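Visitor: Quick one: dock chain against chain with the hints and give me the complex.
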Amino acid sequence: MRVIADRDVCIGAGQCVMVAARFFDQDDEDGLVLASASRVPEDTLGLVREAVSLCPSDALSLVEDD
Amino acid sequence: MTRPTAAPSTAAARCPVPVRLPVARTTPFDPPEELGRLRADDPLRPLVYPDGHVGWLVTSYALARDILADSRFSARSELKRVPVRRPGAEPFIGEPALPGWFVDMDPPEHTRYRRLLAGQFTLRRLTRLQPEVDRIVADRLDALAAAGPPADLVELFALPIPSLMICELLGVPYADRESFQRDSNALFSLKVTAREGAEAMDRLTGYLLELVRRKRARPRDDLLSGLILSGGLGDAQIAGAGVLLLTAGHETVASMLGLGTYALLSHPAQKERLTAGAVQADVAVEELLRYLTIFQFGVPRSPLEDVELAGRTIRKGESVTVCLPAANRDPDRFELPDELDLGRAARGHLAFGYGVHQCIGQNLARMELRTALPALLRRFPELEPAVPAHEIPLANDAGFYGVHRLPVRWQDRDAKRTG
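Listed in order, the protein sequences are those of chains S and F.
Counting along the first sequence from 1, when you hit position 24 you're at 24 in my numbering, and nothing is skipped either side.
Counting along the second sequence from 1, when you hit position 54 you're at 54 in my numbering, and nothing is skipped either side.
It is possible that some hints are incorrect.
What the hints assert, rightly or not - Some chain F residues close to chain S (C-beta under 7 Å, calculated; not the full set):
#, residue
1, ARG114
2, ARG115
3, ALA118
4, LEU123
5, SER266
6, ALA346
7, GLY348
8, TYR354
9, GLY355
10, VAL356
11, GLN358
12, ASN396
Calculated from the structure, these hints are not laboratory results.
Quick caveat, the model's predicted, so the values are computed rather than measured.
Glycine included, every Cβ here is placed at the ideal spot set by N, Cα and C.
For reference, chain F alone in the conformation it holds in the complex (with noise of 0.2 Å):
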């Protein structure tokens, strides 16, 4: 293990005792408790990261929202530090972004991909998506119904939904799911080496990279071929954005349906509320992902200059991380934040990030939740876990938390029937 050249640090200076980021969970749903201890003593404190570097750690919803609005932080991958280790790799990125990956730049080159795509995602857009969310998640209820009781529902269900909904989306074929499904699993994965991640990366944008020639020479209706008609990007940017759109919109959508199904079936009394419609599935959709909020080891930032902050002074070039699971469950936003409340109005929460890098596919993500949530438990009254909550595999490794299985059975009528 190399010893930090650590850039320097003023935060050690000037409060005591700097904390590794807390990563122990004790149990499957609440982020690791020793994060709420840490935001009650203090919400922006020193935050040692894997390479010595000393930085900060935001854990308030307050701290976290105004960071994440703040245009002096800046987004650029070549200022982010990660503050987990991942084998082989330097928690300092220091290289500058990918060509299309726009959540690593800053405005204006940001804004030039965000205008491009944001028309792609409007409300409007989606509510023409509608018919086919249903038709997809009709027919993955029907290949769950047919492989079992007992059936991995990560499998038949939470991942093919929003791998489905964003091929059909970008134009990417689904056949081809196999490979990059593994390839983005790796991605944001800490147990793979960097080696692997980066021979993951390289094999998805050679796949995006082909598959967008192929559209360049004759253009489909889908976002792929629209952003190569807009005229303004490469096909290596497209290519790019494509990889970032594609992972970023299965491997997300996919742990909230899981965990959110865990979650649920952990729950009765809150599920009995979301299946006698006594609370609506959009409502019952924003607090399953403040409560989850899956992107568990948060958000990477740096100041440009010198920023003065809840009495602190960032300097510039600090490493800065916004853990979103921590300000989801500040009790100064969100009564009692860490029950499980389906009815409250949980809307305003960060699960999706917030500023000008918020989650650009967050309401299609919402329309595949509120459809597949209900829908599942409706089709299956008595789901239930088919293993103890032990055997069930939790994604503690992964950027985006979640379940790695999830085994559930259920009363078997039509074998009954047919039996």
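Excised from the complex, chain S in its bound form (with noise of 0.2 Å):
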């Protein structure tokens, strides 16, 4: 699985941060999601998916490998 992450509705709530902070980070500048292009690793599925659903402004969202 990976993350896709929509800045433009990402408000920099900071919460995927919160809790995956192994895999999100926020801008220095606007606090925007930063997110991992890498595959989320198995063991920290849990964890973002957390962060996909605590996200207030849905700009998180978990695809298939291609």
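Guide: The structure is reproduced here in structure tokens:
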């Protein structure tokens, strides 16, 4: 699975970083999400799923690998 | 009292028995019991506002989250209607947002502010403030020890900690706190008249405007200076945003520290789990946020078009109150929701709201709470209320619920040694 982060709708609430800091980061300038482009490791998937569901602006989605 | 010139409403016609927002609490920590009955009966039901308008009360977690995330529901202040009466105030606000009050705006205006501010509240930036939080908390613990026992926890601990922090972050001189704390309190109180509230707002805005003008001449390393240097906003907009952040930034955490301490002292087994390290402080804080949900009268919204939801039609312009305390006690989302269980997985609660308006300072609030509460209980292991429960004044009249005062006492080991 991979994460797609929509920076146009992100509001920089930082929920994803709070839950899964290994996978998400925030831009220092505008606070918007920076998601790792790599595959979500199996042992991190639960936290990433939680981050996706916590996101208040629905900016994150999990998609199957190509 | 003027009778309603109520906006046309279809809610009453479709459903029986519109209710008023229940506000009577039977315990210090639980939302009004009636809310639970209303949620079980019908989580989206007609609500009568103080001006006679019939809108909607939302009490379930799922519907609350859906509505707060739905861009058809506007947050613009000219559409907002408040479900509780304030002396001399019209419940229907009817006025556009004050400059800088981005909580009262929709995208794209709201987005513009949010983007300018979000970079100031990133977890990385907040982590750099941790030593400052630690220092402030240690200092307030010393102040508490020096003053008591007994001592008022609100005055010496719960209020100063967030007040000092938000001043530091914004670049507002803490020495000016007496007037802005009083005015800030008035802003969110139902006890003061609308006129007194407006005067408090004017004083706060004037104060911030003056401060912004001084910073424009000599910028410092703080949030207000950052907004000035970003170049996109005028002085009035920055001052307004400053008032919003200053007031929301300390009223809220102050309430959570005071009421949170009172809740922990009233649940000794839970307190023990925290002090013994059986639950992590950050996990415990999420549960306290859920359990206490201090934003007690709910979030006002109004749809910009007719919206079909849960088998109902909410018409354009009807007022909606999203009751966060009820949503956070929804048994469909949280098992045994009325139990304080510090170890539960409470993340996902709506204490900070949801959607694009979710609290911008939430991670600062978390940092203050998870630092201050365990430190307080470690320093004063036998901390207890110094007065009976009925003498602890509850803030039923404030937008942010809490305790007005919390007299506490503890074993004074220093006094025994020196005495």
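Visitor: It remains to establish, for every hint, whether it holds in the given structure.
Guide: Cross-check of the supplied hints:
1. ARG114: 5 Å, holds
2. ARG115: Where the cut-off is 7 Å and the nearest Cβ of chain S is about 5 Å from ARG115 (chain F), the hint holds.
3. ALA118: Given a least distance of 3 Å, the restraint on ALA118 (chain F) holds.
4. LEU123: 5 Å, holds
5. SER266: Not OK, violated: SER266 (chain F) not within 7 Å of chain S, min 28 Å.
6. ALA346: Nearest chain S Cβ about 12 Å off; hint violated.
7. GLY348: 6 Å, holds
8. TYR354: 5 Å, holds
9. GLY355: 6 Å, holds
10. VAL356: 5 Å, holds
11. GLN358: 4 Å, holds
12. ASN396: Violated, about 29 Å.
In this structure, the hints that do not hold are numbers 5, 6, 12, in rising order.
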